[in-house]
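Undergrad: One letter stands for each residue in the lines below.
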Amino acid sequence: MTEEPLVRWDWIGRNWPTIQGLLEDHVVMALVPIVLGLLIALPLGLAGVRWRWLYQPTVGVMNVIYSLPSLAVFIVLIPITGLATRTTVMVPLTFYAMAVLIPAVVDGLTSVPDHVRQSAVAMGFTPLRRLLQVELPIAVPVVLAGLRVAAVSSISLVSVGALVGRGGLGYLFIDGWQRQFYTPIVVGIVLIVVLAAVADLLLVLAQRLLTPWSRARRAA
Amino acid sequence: MNWLIEFFGNPDNWSGPDGIPTRLLEHLEFSGLSLLLAMLIALPLGLWIGHTGKGALFAILSANAARALPTLGLLVLIVLLMGVGTIVPVLIPLVALAVPPILVNTYEGIRGVDPDLRDAAYGMGLRGGQVLGKVLVPTAMPLILLGLRVAAIQVVSTATVAAYVGLGGLGRFIVDGLATKDFPSTIGGAVLVALLALVVQLGFGLVQRVLVSPGVSQRLSIR
Numbered sequence: 001m002t003e004e005p006l007v008r009w010d011w012i013g014r015n016w017p018t019i020q021g022l023l024e025d026h027v028v029m030a031l032v033p034i035v036l037g038l039l040i041a042l043p044l045g046l047a048g049v050r051w052r053w054l055y056q057p058t059v060g061v062m063n064v065i066y067s068l069p070s071l072a073v074f075i076v077l078i079p080i081t082g083l084a085t086r087t088t089v090m091v092p093l094t095f096y097a098m099a100v101l102i103p104a105v106v107d108g109l110t111s112v113p114d115h116v117r118q119s120a121v122a123m124g125f126t127p128l129r130r131l132l133q134v135e136l137p138i139a140v141p142v143v144l145a146g147l148r149v150a151a152v153s154s155i156s157l158v159s160v161g162a163l164v165g166r167g168g169l170g171y172l173f174i175d176g177w178q179r180q181f182y183t184p185i186v187v188g189i190v191l192i193v194v195l196a197a198v199a200d201l202l203l204v205l206a207q208r209l210l211t212p213w214s215r216a217r218r219a220a
Numbered sequence: 001m002n003w004l005i006e007f008f009g010n011p012d013n014w015s016g017p018d019g020i021p022t023r024l025l026e027h028l029e030f031s032g033l034s035l036l037l038a039m040l041i042a043l044p045l046g047l048w049i050g051h052t053g054k055g056a057l058f059a060i061l062s063a064n065a066a067r068a069l070p071t072l073g074l075l076v077l078i079v080l081l082m083g084v085g086t087i088v089p090v091l092i093p094l095v096a097l098a099v100p101p102i103l104v105n106t107y108e109g110i111r112g113v114d115p116d117l118r119d120a121a122y123g124m125g126l127r128g129g130q131v132l133g134k135v136l137v138p139t140a141m142p143l144i145l146l147g148l149r150v151a152a153i154q155v156v157s158t159a160t161v162a163a164y165v166g167l168g169g170l171g172r173f174i175v176d177g178l179a180t181k182d183f184p185s186t187i188g189g190a191v192l193v194a195l196l197a198l199v200v201q202l203g204f205g206l207v208q209r210v211l212v213s214p215g216v217s218q219r220l221s222i223r
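Protein chains in written order, with UniProt numbering: chain A, 1 to 220; chain B, 1 to 223.
Don't read these hints as lab results, they were simulated from the structure.
Fair warning: there could be bad hints in the mix.
According to the in silico footprint, chain B covers these stretches of chain A (three or more CB under 8 Å from chain B) [as the list claims (entries may be wrong)]:
{"hint": "1", "region": "30-43"}
{"hint": "2", "region": "83-92"}
{"hint": "3", "region": "160-166"}
{"hint": "4", "region": "179-185"}
Just the calculated beta-carbon pair ranges, DEER-fashion [to be verified]:
{"hint": "5", "chain 1": "A", "residue 1": "W11", "chain 2": "B", "residue 2": "S213", "range": "54 to 64 Å"}
{"hint": "6", "chain 1": "A", "residue 1": "L31", "chain 2": "B", "residue 2": "L37", "range": "29 to 39 Å"}
{"hint": "7", "chain 1": "A", "residue 1": "V61", "chain 2": "B", "residue 2": "G215", "range": "22 to 32 Å"}
{"hint": "8", "chain 1": "B", "residue 1": "S213", "chain 2": "A", "residue 2": "R52", "range": "23 to 33 Å"}
{"hint": "9", "chain 1": "A", "residue 1": "D114", "chain 2": "B", "residue 2": "M82", "range": "18 to 28 Å"}
{"hint": "10", "chain 1": "A", "residue 1": "A47", "chain 2": "B", "residue 2": "T22", "range": "37 to 47 Å"}
{"hint": "11", "chain 1": "A", "residue 1": "P43", "chain 2": "B", "residue 2": "S213", "range": "28 to 38 Å"}
{"hint": "12", "chain 1": "A", "residue 1": "A47", "chain 2": "B", "residue 2": "W3", "range": "44 to 54 Å"}
{"hint": "13", "chain 1": "B", "residue 1": "M82", "chain 2": "A", "residue 2": "L205", "range": "35 to 45 Å"}
{"hint": "14", "chain 1": "B", "residue 1": "P115", "chain 2": "A", "residue 2": "A197", "range": "53 to 63 Å"}
{"hint": "15", "chain 1": "B", "residue 1": "P115", "chain 2": "A", "residue 2": "T211", "range": "33 to 43 Å"}
{"hint": "16", "chain 1": "A", "residue 1": "A84", "chain 2": "B", "residue 2": "W3", "range": "14 to 24 Å"}
{"hint": "17", "chain 1": "B", "residue 1": "P11", "chain 2": "A", "residue 2": "L205", "range": "50 to 60 Å"}
Remember, predicted model here, so these are calculated numbers, not experimental data.
Beta carbons: idealized from backbone N, C-alpha and C, even for Gly.
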C-alpha cells in the first residue's frame, strides 16, 4: 500500500452532500433521546425525591440498563423496531440518557438547603410554586451537569448504531474500514467531536443564562 | 428464550478457541488492562488536581472531550494505522472511555471534602501528603469507587466493539452472529456481556463495603 494521506480533501469535497445528510441524521438520533430522556427523567426524579422508597429501585433498574452494551441492545431491538431504523438507535440512547439524568435530578433537588425550602414554606408558597420557583432553579446546575454528560455520550454513542445499519456519522467508520481508507473515519471522528463540543458549549451557556445568581456570587 | 437455550445448550459453544471460556478470558483481558491503564493515568491526576486545585478546568474540559470520542471510529482508525495482531489498538479507545469518569469523580470527591475536616487535619500537624492519604482519600472513597465502577461497566460493555475489527472477546458472538443472521449467538453474546457487567457491578458493591471506612459510610447514610 502506498503512503495514504490521513485526510484526502478532494474526497470530502466530492462527498459533502452525503456527509451532510449523515450529519443531519446523527443530530436527530442524538437529540431526540436527550430531550425524551429529560422529559421522562424529570417526573421520575421528582417522584424519587417525594417518595424516597421509589428512588433505589428506579436507580437499580437504570443501572442495569446502563450496563447493557449499546451494540447488544440495538441488536435485541432489531426484531421489534426494525433493521436500520432510527427508532432502533434512539430507544437505547433514551434509556442511557435517563440513567444519567434521574440521579442528576434527584441529587439536584436534594441539594437544596433545608433552610431555603423552609423559607419558601414560611412565605406561604404552595408546593408547586416552591418546586418551580425555588427548588428547580437551585437544582439547575446539577441537572445540567448531568445533561452535558448525557448529551456528549449520546452524540458519540449514535455511531455504534452503524453496526446495525443506522448510525449517522458512524456510517463513515464502517465505510472507511471496509475500504481501508482513512479519510471517512477521520471526518466522522472530527465531526462527532465538534458536534459534542458545540452541544456542550450550548449547555454551559444555558447554565449561565438559567442561573444568573451564581455568576454574581462568584464575582463577589 | 429458545434462542438462549439453543446458544447455551450447544456444547460446541463451551470449548475451543471460539468457545465461551476463551472469549470470556479475552474480554476480561481487554477490559482489565484498559481499566488498569486508565486507573494509572486518572487516579494520580485526579488526586493531584483535587488536592492542589491546579488544572481543574483543564481536567474537566479534557474529560468531556474524551467522552465525545466515538469508540468505534477511534478503534477502526487506530487498527488501520497500526495494523491488527496486537491488542494495543483496542486498548487506546477503551482507556479514553474509562479515564473521564475516574478522573472527574476522583477530583470532585477530593475537592468536595469538608474544608473544616481538611483544616482540622492540618491543625493536628499532618503534612500535605498525609492529609491526602489519611483524610481526603478515605472521605472521598465512595465517589472514587463510583467513578471506577462506571468506568468498568462502560469498558466491559464497549469492549464488544473490538470484535468488529476481528479481535476476540464476547463481542465476537454478537458481531459474527449479526453477520450470519445467527440470532441465538447474537442474543447469547449480549446476555453474556450483560451478566459480566452485572458481576462487575456487584463486585464493586463488595469492594465498597471493604474499602469505605465505617465512619464515612455512616456519615453518608445519615445525610
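Undergrad: Are there three or more residues in the region 83-92 of chain A whose C-beta lies closer than 8 Å to some C-beta of chain B?
TA: violated (count 0)
Undergrad: Hint says 14 to 24 Å; check whether the CB-CB distance for A84 of chain A and W3 of chain B agrees.
TA: 21 Å, holds
Undergrad: Between the region 160-166 of chain A and chain B, are there enough contacts, at least three residues with CB-CB distance under 8 Å, for the coverage claim to hold?
TA: Coverage by chain B holds for the region 160-166 of chain A (4 residues, Cβ < 8 Å).
Undergrad: Between S213 of chain B and R52 of chain A, does the C-beta distance stay in 23 to 33 Å?
TA: Check passed, 25 Å falls within 23 to 33 Å.
Undergrad: In this structure, is the beta-carbon distance linking D114 of chain A and M82 of chain B contained in 18 to 28 Å?
TA: Violated - the Cβ-Cβ distance for D114 of chain A and M82 of chain B, about 56 Å, lies outside 18 to 28 Å.
Undergrad: How does the Cβ-Cβ distance of A47 of chain A and W3 of chain B compare with 44 to 54 Å: does it lie in that range?
TA: 35 Å, violated
Undergrad: When you take the CB atoms of W11 of chain A and S213 of chain B, is the distance between them in 54 to 64 Å?
TA: Roughly 58 Å apart at Cβ, these two residues keep to the hinted range, so it holds.
Undergrad: For P11 of chain B and L205 of chain A, compare the CB-CB distance with the range 50 to 60 Å and indicate the outcome.
TA: 59 Å, holds
Undergrad: Hint says 53 to 63 Å; check whether the CB-CB distance for P115 of chain B and A197 of chain A agrees.
TA: Given about 33 Å between the Cβ atoms, the range is violated.
Undergrad: Confirm or reject the claim that L31 of chain A and L37 of chain B have a C-beta distance inside 29 to 39 Å.
TA: 33 Å, holds
Undergrad: Starting from the range 28 to 38 Å, see whether the pair P43 of chain A and S213 of chain B falls in it by beta-carbon distance.
TA: 37 Å, holds
Undergrad: Take a look at whether the Cβ-Cβ distance between M82 of chain B and L205 of chain A falls inside 35 to 45 Å.
TA: 39 Å, holds
This entry does not satisfy hints 1, 2, 9, 12, 14, 15, going by the numbered hints stated previously.
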